Amino acid sequence: MSDAHADVSKHVKTYIAVFATLATLTVITVWASTWHFSHPVAIAVALAIASVKATLVATIFMHLKWEKAGNIWFVIALTAVFFVFLVTIPSLVHSDKPMGTVFTSWG
Amino acid sequence: MSGDHHHEPGFIRKYVFSVDHKVIGVQYGVTALCFLFLGFSLMMLMRWQLAYPGEEMPFIGNIFGEDAMPGGVMLPEFYNSLGAMHGTIMIFLGVVPLLVGAFGNYVMPLQIGAPDMAFPKLNMASYWVYLLGGIVMLCSFFVPGGAANSGWTSYPPLSNIATTGQTWWLFGMVCLITSSLLGSVNFIVTIIQLRVEGLTMFRLPYFVWAQLITSFLLLLAFPPLEAAGVLQLMDRLAGTSFFMPEGLVVSGVVQTQMSGGGSPLLWQHLFWFLAHPEVYVLILPAMGIVAEIIANNTRKPLWGYRAMIYSTIFLGFMSFIVWAHHMFMTGMGTKISAFFATTTMIISIPSVVILTALVISLYQGAIRFTVPMLFALAFLPMFAIGGLTGLPLGLPASDIHLHDTYYVIGHFHYVVAPGTIFAIFAGIYHWYPKVTGRTLNNALGYMHFFLSFVFINMVFMPMFWQGMAGVSRRLYDQTVYAHGDAVQSLTIMSSWGAWMLGLAQIPFIINFFISAVAGKKVSNNPWDATTLEWLAPSPPPHGNFETVPVVYRGPYEYSVPGASEDFHPQHVTTEA
Amino acid sequence: MSAEVLPYTVKPHPVTGLYNGKFGIWLFLASEVMLFGALFSTYVFLRMGAPETGPTAWPTGEETHLNWMLGGLNTLILILSSVTMVLAWVQFKMDNFAKGRIYLIITAILAIAFVAIKFKFEYAHKFHMDIYPKTSVFFAIYYTMTGLHAIHIIGGVVVICYFIGPGAKLWEENREYYTNRIECTGLYWHFVDLVWIFLFPILYLL
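Chains as they are written, first to last, in the working numbering: chain H, 1 to 107; chain Z, 1 to 576; chain W, 1 to 206.
The hints are simulated quantities; they were obtained by calculation from the structure and are not laboratory data.
Predicted model, so just to flag it, every value in this text is computed and none were measured.
Among the hints, erroneous ones may be present.
What the hints assert, rightly or not - One side only, chain Z facing chain W, incomplete, derived with CB under 10 Å:
(1) V26
(2) P115
(3) S215
(4) F273
Note that CB positions come from ideal geometry on N, CA and C, so glycine has one too.
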């Protein structure tokens, strides 16, 4: 993109701040894992923190905050949709078994 | 693009390790045609065993050695290898490289007026990685135990415990997938970034749109198979159990050397997440080729150009959420089955829209029955048969009866063989003058078309009856079952069709090579076509166009009322 | 074909606002998302399908023998390397080649440190305890995911070293082109970091 020099150097502070935040969140997520939450809550907390960190990396380091190119947003959106399909649908077979059949472990 | 700094690259850089999209396109085309013929030959061998089970193969039975065909009789293991490798070679080494690697590479940059692909070196890498994958696949025939023999789908646990050939297959697939990924990135960037001035998205030829959507399918659907391939390699080489359940029994022996805890279903999900979009990778560029040829030979604009594009986009999107219709019989519950049956019915709508638009485009056209047009016309009913016979397979209730029978074979071969491969032939006849500056011989072309058309139907039509009679597609010898023996005559008919189809390719092979040196020389635009590739010289030089063209109109302005010519090229400003 | 002939190799396209390489690297990252997505899908699938008890049950945090301190340290190293990567780009953008190169070198050193910790301390320790990929599906997915991620790190290091060494010639010829390439490398590098941000909790902490 056509950032002027001044713009770029202004970002340096942001980058350092983001680094500090990411480091803090890493410590928090480790610390939170020692609280012995019930399993679903622990997973939710850990994934929530990871998502915040990932969002920070994507928006600041990967410059999505300043990204105006529609093509990139389109690709990201498309990939996100298919990613969700890919991660969720295969596992649904664990909760949807054919009726009237007894399964001991695997379907 | 001016000739000032033009220094000729050496022979190697020009024709072997070339970064020119046209040379790479031709490399892809010739290599893939060889693989296509090889894949076809494997099937002709199989057809002997199917038609005359246990009989000695005449003439060539002895050249395959004692490990494969002792006494000229095919062993079941060799038969399985042939089946698996026929599927793999035809799809991943033959048809897709032809449609995308050859036609996409050669024609697409010309149609958008670009001097080359956006990343020429990546393009070259894509071809060489593809060739490497192909060589790995070929070498696998000579490893102990022969080539992969677990079907082109490589379902575990069978594939996990199969002979070494399967490991080679997986390495080969990883190469092919990498090649496709490099190609698809290149295609998308080229189409979006390198269109010439005036060539808006809705002035693009339909072929380019088809390539664009196809590239997105390859880009996003192939990586999961790459991951699955890595997982299966781990299973085979590191002894993991991604696809192996606990307490698996193989040949009466409980497997204890692995931990268990995995599931064969996982492979099927990851495999079909690729392989269903792959079906559309096989068909969309074929539709693109057919659309170009129909518009050109009916001398009419395509009917419903925009509707076709919207349908293609929708089709591409939906193709990612229909994959489990290949898995109705794996013990999925009714909810998931109902979801996938519904999406499958929905995805048939855009296919029908595209096909209907192509058929309506013929209406009231002054059709020129050239050889490419004949292949393109034949594509329409053949693809329709293939598509419509797919509907009963997309519904769980009817799929229970038809699953894994010859009906399935008939269905997808109608889509891919008389469908896509006919479109490929149409494309070869259509663009051959652009690539070589000479036309293919018409008489040989007509002979090739009519013989192929008759015999290809003779191969695949009987399969529907066999399938409905319940004959499994995986039988080495169907006559051992009464229901199979009853329809054995259909198998024999199919086999003879296949061998005759092989002979029917001889005119094409002769034509292809002889015409390159002795064909009739033609002008840059022998078909009076409107799209940009016909503006470039035949064959186009390095850099493609003498001056950068500017586009002023849509891709199919044929028979414009009031115009003096019946075609109106995209780059021409005023009325001719 | 020399690169100058192709349009938008260096300068952004007036309509899309992108130069070719940047669009290309984003598309490549999209395919990477699907690659790792399939492995995440595998993780979820295996974990949800694992029985509550028995030999194939999913191991608890203690049973995995994974050292969260080493994992956490590696997380910090990777985050830090992301910052140095982006700072390198800032320096090149400001025409400051020497400083940018130093940041690139730091990035490469951090990345090598990551891989060294991964192989020298983590994998070696596991092998020492007779824990291999075939031990259980948990370790199968652990080794596969972290292994594939490590390969991505190594690939990134190779590219970064190229731009520190022989690739730096491009700076003399065309500064903007060089800076663009660093930007693309950076995008890839941050993506690898991003993957690790998810791998760390799901493998080490949960």
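Here is how each hint holds up against the structure:
The beta carbon of Z:V26 comes no nearer than 16 Å to any beta carbon in chain W, farther than 10 Å, and the hint placing it at the interface is violated. For Z:P115, the suggested interface contact is upheld, since its CB lies about 6 Å from the closest CB of chain W, less than 10 Å. Using the Cβ-Cβ criterion of 10 Å, the hint placing Z:S215 at the interface with chain W is satisfied: the shortest such distance is roughly 9 Å. Restraint check, Z:F273 versus chain W: the minimum CB separation of about 7 Å is within 10 Å; hint holds.
Hint compliance for this structure: hint 1 is the single one not met.
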